[in-house]
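Novice: For reference, the chains in residue letters:
2 protein chains.
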Amino acid sequence: MNLVVFAPVGATLALLFAVYFTRIIFKVDEGTDKMKYIANSIRSGANAYLKRQYKGVSYFFIGMFIILFILAQFNFVSIFVPFAFITGGFFSGLSGYLGMKIATNANSRTANACSKSLNSGLKVAFSSGAVMGLVVVGLALLDLSIWYYILNWYYKALPMAERVGYITSSLLTFGMGASSMALFARVGGGIFTKAADVGADLVGKVEIGIPEDDPRNPAVIADNVGDNVGDVAGMGADLYESYVGSIVSSCALAVSAGLSINGVTVPLVVASVGIIASIIGTFFVKSKEDVSQKVLLGALRRGVYFSSIIIAIVSYFIVVNVLGKEHIGVYFAILSGLVAGLLIGFFTEYFTSDHYNPTKSIAKASETGPATVIINGLSVGMLSTACPVIIVSISILVSYICAGGLNNFNQGLYGIAISAVGMLSTLGITLATDAYGPVADNAGGIAEMAGLDKEVRNRTDALDSLGNTTAATGKGFAIGSAALTALAFIAAYKDSIESLAIKNNLDFTFDLSILNPQVLIGIFIGGAVTYAFSAFTMSAVGKAASKIVVEVRRQFKEIKGLMEGKAEPDYAACVDICTKSALHELVKIAAIAVATPIIVGLILGPNGVAGLLCGATVAGFVLAVMMANSGGAWDNAKKYIEAGNFGGKGSEAHKAAVVGDTVGDPFKDTSGPALNILIKLMSVVSIVFGLVVVTFSLF
Amino acid sequence: MNLVVFAPVGATLALLFAVYFTRIIFKVDEGTDKMKYIANSIRSGANAYLKRQYKGVSYFFIGMFIILFILAQFNFVSIFVPFAFITGGFFSGLSGYLGMKIATNANSRTANACSKSLNSGLKVAFSSGAVMGLVVVGLALLDLSIWYYILNWYYKALPMAERVGYITSSLLTFGMGASSMALFARVGGGIFTKAADVGADLVGKVEIGIPEDDPRNPAVIADNVGDNVGDVAGMGADLYESYVGSIVSSCALAVSAGLSINGVTVPLVVASVGIIASIIGTFFVKSKEDVSQKVLLGALRRGVYFSSIIIAIVSYFIVVNVLGKEHIGVYFAILSGLVAGLLIGFFTEYFTSDHYNPTKSIAKASETGPATVIINGLSVGMLSTACPVIIVSISILVSYICAGGLNNFNQGLYGIAISAVGMLSTLGITLATDAYGPVADNAGGIAEMAGLDKEVRNRTDALDSLGNTTAATGKGFAIGSAALTALAFIAAYKDSIESLAIKNNLDFTFDLSILNPQVLIGIFIGGAVTYAFSAFTMSAVGKAASKIVVEVRRQFKEIKGLMEGKAEPDYAACVDICTKSALHELVKIAAIAVATPIIVGLILGPNGVAGLLCGATVAGFVLAVMMANSGGAWDNAKKYIEAGNFGGKGSEAHKAAVVGDTVGDPFKDTSGPALNILIKLMSVVSIVFGLVVVTFSLF
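For the protein sequence lines, the chains are W and U, in the order given. Residue numbers for the first sequence follow this note's numbering, beginning at 3 and rising by one. Residue numbers for the second sequence follow this note's numbering, beginning at 3 and rising by one.
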């Protein structure tokens, strides 16, 4: 039996359970009229933003489609590429859209459920996360399976070996649509959410001294909209892309590893087992009443652990059955990825949770003002990069050696690629534990604005602060898998260029030595590109936030009775500013990502491109980890102070900590997470435009 | 005639002119008794610190000497290495010591000269910088020449080709002493100076609201001491190391490039021509009375340009004479380095001077508080990395191709190495324009504390703020040359291991492909090491600064009449805290630098080490540029506000800008500049311990 059939089955199951969880959410009442009204404002703001974002993005997709279509006419790319590009983008966008749709319906319901009990609230919020997680993995695997079957049918006349080659090299280019959409969603949403958040905090908390989510703050709706368009829709598209990337890159390397169709089957089947394990895992997530945060975190973790154990067991049988006992090393590669993912999660928690020293030391530094908070937070983030780098390095070494790299280089590379699949196999449930955070955050906002009982807000706060930790864990996960996938992409890039060169009778051989100046310069430029990219995303947030600050100040000055709560602020104005700013900046940022590998390729040739990807992966990996962890630690240091330490809310220390948190916002939710997409988008663009580069490059 | 003789001649000339400039300084009177008293406090603080630092460092040097001596007994290293290690460290330390000695005698004299005229002040301060610059290049070239002649005599029985091989491979390891000392001086001094600066500012400027350099501030003497031990002694040792590194790495690559003794002669002679050109250049630095900052900067620049033109012309004849017309490409490599250095200077000025948009935008962001200042400053720094990376990349490509890399790979590498020599050939004068800054800074402090006329302070401020720009330029320069030198070191590392393997009948061949997991993991670890290293240096500053803050607060609370100026603070206590903190942290930091390449080598083998060096170079380069430029821009944004923009001194915007400046302090003066030393120290350690690694490594 061809086990590939498990892929569409798993995908369908995921989507069915997403429907099941959706129904759970909609059974809960939305609460009071005020809650409904607020939820509706958030929902319509989020919809309005996404509509405009997708409209903007569609120009890019149409433009790229035309370019790819023309290239296809001259045989520079396969004719499937432009269409696959569109479907990748479409499904990625759809994942984000559906996730957001559910999240904006779950927020008020979570708040309402929290007025009953903590466990009810957790159930609703987590169900919303689960929908997100399952939709992402379901649609991703569905898209891949459909294309797999289409290609398999189209090339059916070819002998198996050749057919697999065509299938995988086409599949490989399919990530481009997903990555492009992810970039827009992550960066656009990230700019939106953090501009609103930073702007709202700077005036509301710091200048005027009203609490977070106070309905008098004109940016408060924009802030809540942002949680949905950035942390939900953006993250969904982002992880859709990671997931697709890890699977297609291992499929692509299966051919040169000599594993043929069986090497393609393994990642697809492991992914679908992961989906089923995730579905099972979600049923283990439940909590007793009003327990500590630690117990709550345990509840979420339990689901992830159960899923991981299932995957660890079943993968063994998959590998033995599909590849045979002699390739048992591939199983250990999958396992090493799975374990590495869990370990990265642990260390991320250590560096960002206020139960441990690093975050506490940042809180302590707030006693000597904002400057020491920043210095301390940056150094915590920088130091924290060592752990994931060492973990990923060990994982690379283990999976390379286990998969047989010492005897067969290409099998080793396949091992590295499939370890990324192992790491992301639990995505269905890890994403669920991650995506529930913004829903809880929103629920807290609604509880505050609707004037619900203080007890309700305490419960949503408990859920929310847990969400900070799971979010940081999720990011570590996304970045770690991105590093592994990026390596696989570099290897796949080499394979792809070599086979193109042979097919087109071009005289080209790789020299990927780090002493080859083309490679070296590529590495340097790769390092700088990640920084320039982060600079643009950070400054976009800064610029947009400044506009929000000005607008909020204006409203407090001009709208009479606003401070006293007698007049209503103009929420829509802030939403509008965020939307415009976010979309405005996207053009420049997308241009960097797409143009860099092509320009570098045309000047330095494919060796330079490989160097570029390597440099971007290395510099991007450490920078992204630093940003995510500094940001998470600052956020939790602030929360630690708010819990009554070092003077508590309103103290000078708290004000200093808020500065740290504000700097951390674009770090952890805009620039940092965008880096892993940048790396992979550049990789896929390099592969898609490979023949163009080989044909026209100077070197 | 053997042109190598120019090296000791140039070195001697440099030292003679250093004496000449010293006499100019000492002709000026130290000023009032109060000025003498303050200058003396600073001097004795600086001496006390350096004494303790050298004592601490001597343990390290003795320990390493013993290890190297034992290794030499087993033929793991040449018997010259332990001794060269000591002399490198000694001369590097001596450069720093002499520079500091002069600077602490020139500060009050500059203040006194400024009470006469701006030009007189410039003359004294610049003379002090010139002593520093000439001592550094003089001692460096002297050390190299002495060893060259010793080795040449020792190996005189060998035929020329073999002799040159022995000479250059020994010379190569000599950088280790210089780099070790530079690390201690830069990091120790950097922690001292910034802890004092940050601590003094946080309490003085931000909390209590007294001006900078106010004598009531207990940390003010420590702050001024810091300028001398960090920005003078530290920088001197740092650039000594860069200079030596660039010369020895090109000598080492001369052999494999097939240029033999002539390839060694060129860098030595170009360096000595650079010295003479720098001496001539210093005489072009003079200013009219009380002119604008722009004119003043022009005066300094003129010296650098004249020197550059002389070098550009004379190098042509050197190359043609020594290597012959067929190697004229080497001349263009030198030229490309020279030009790249100047260009990096331009762009650094663009990003850090308040005449341009980037710094102005940071100043503007201060209107919305410290968080936006930080976000904006980080993004300016990140964006600014693109320029030096592109400039260095072009320089690599040009020098590689011109030197014949397309036909002979090793000649291309020699071209890259010698372009670093070209870049640093103007060091005598660029260091002079750089090292005069801290003297002017100190002079301003003394003027303030001694209660001199406001006009005097204005003049010292003019000199000082110019110093900020030249300092940032100098750092860009140091980092750019470090990138080129580091590449040369990687190439030299490969050569060195290969020849060791042949000599010792070891079965080892390099596979430096970026897809080789050993290389790849090495690259990843290299990236993480730079971040961990920066984390340690940053947090060391943060910790030490916190201690200073506590101490300063204590003194203001406990010493009655301090705030009113009736009682004197306990300056020595702050100096003592800084000294202890700085030395305490050095151990951990030195351990990282020395242990990392050895551990990575033992686990991953020489391929892993090459990857490590590559990763550290790339990540370190961009991180160091970012830190230097963010720091410089924050500093000047603050000064821009102090000049009356956005509300001026004492406004909320000013307070926000001070936070940026405070974060920037460890960026630009501790962590950033330490990175280029880290990179090169790891390179030399790798080379010295090469045979140990090849013999005992797992892979």
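One should not assume that every hint holds.
As the list claims (entries may be wrong) - PhoX-like mimics (lysine-lysine), calculated; alpha carbons at most 20 Å apart, straight line: (1) W:K549 with U:K549; (2) U:K549 with W:K362; (3) U:K158 with W:K366; (4) W:K549 with U:K362; (5) W:K545 with U:K362; (6) W:K568 with W:K53; (7) U:K366 with W:K545; (8) W:K57 with W:K582.
Claimed, not checked - Which stretches of chain W does chain U cover? Using the computed rule of at least three CB atoms under 8 Å from a CB of chain U, they are: (9) 418-426; (10) 561-573.
Hint data in this document are derived by calculation from the structure and do not stem from the laboratory. Don't be surprised by glycine CBs; every beta carbon is placed ideally from N, CA and C.
Novice: If a hint holds in the structure, say so; if it does not, say that too.
Specialist: Structure-based check of each hint:
| no. | hint | verdict |
| --- | --- | --- |
| 1 | W:K549 with U:K549 | violated, 38 Å |
| 2 | U:K549 with W:K362 | holds, 17 Å |
| 3 | U:K158 with W:K366 | violated, 64 Å |
| 4 | W:K549 with U:K362 | holds, 17 Å |
| 5 | W:K545 with U:K362 | holds, 14 Å |
| 6 | W:K568 with W:K53 | violated, 33 Å |
| 7 | U:K366 with W:K545 | holds, 11 Å |
| 8 | W:K57 with W:K582 | holds, 13 Å |
| 9 | 418-426 | violated (count 1) |
| 10 | 561-573 | violated (count 0) |
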